[in-house]
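All chains, please: the whole structure from these sequences, using the hints.
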Amino acid sequence: MPEAALPFFDAIGNRRVIAFYGKMGAGKTTFISALCNLLQVEDAVASPTFAIVNEYQAASDLHVDDQTERLAAFAGKPIFHFDFYRIRCLDEAKDIGIDDYFYSGNLCLIEWPELIEPLLPDDTVTVHLTEESDGTRTLTIDAQ
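Residue numbering for the sequence shown follows my numbering, beginning at 1 and increasing consecutively.
Don't read these hints as lab results, they were simulated from the structure.
Keep in mind that a hint or two might mislead.
In silico SDA-like cross-links for lysine to any residue, where the CA-CA straight-line distance does not exceed 25 Å [claimed, not checked]:
1) Lys23 - Ile116
2) Lys77 - Asp61
3) Lys94 - Gly105
4) Lys94 - Asn54
5) Lys94 - Asn106
6) Lys77 - Gly13
7) Lys94 - Val45
Quick list of the computed label-pair ranges, beta carbon to beta carbon [to be verified]:
8) Ala59 - Asp134: 31 to 37 Å
9) Ala4 - Gly97: 29 to 35 Å
10) Glu132 - Gly97: 35 to 41 Å
11) Thr30 - Arg86: 17 to 23 Å
12) Asp122 - Met24: 24 to 30 Å
13) Glu69 - Asp134: 33 to 39 Å
14) Asn37 - Thr140: 19 to 25 Å
15) Thr140 - Thr49: 23 to 29 Å
Even glycine gets a Cβ: it sits at the ideal position worked out from N, Cα and C.
In structure tokens form, the structure reads like this:
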């Protein structure tokens, strides 16, 4: 999935809230880890299943060239990684101040977004990850 990370940033444009849909084991966390690796996040990237949100930091001295110019917009900025798998109601998401995250202008990467869909901004990018019968993954981005 690392080879899909750079084209992903071209596909999302200026949108910052990304909703990852896929069954358990489809590769949501793995792809998010590849995105964070491209942004040179130093912390270990893991699904925040119990914490609901993890915060990472993109490198401030991101090595950008003409192929990765899109990444410069993320340099030195926080990245928020959400996992709503264990959320029981929308109020739990509201209690952590979800709007503050979603409208911060920072990258928000969301696993299990179907559990909070009414709270997602209108311009949320939808990503579907599917595990194929041969073990490969298919990534579909709807960034209209």
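Numbered hints the structure breaks, given as an ascending list: Every hint satisfied by this model.
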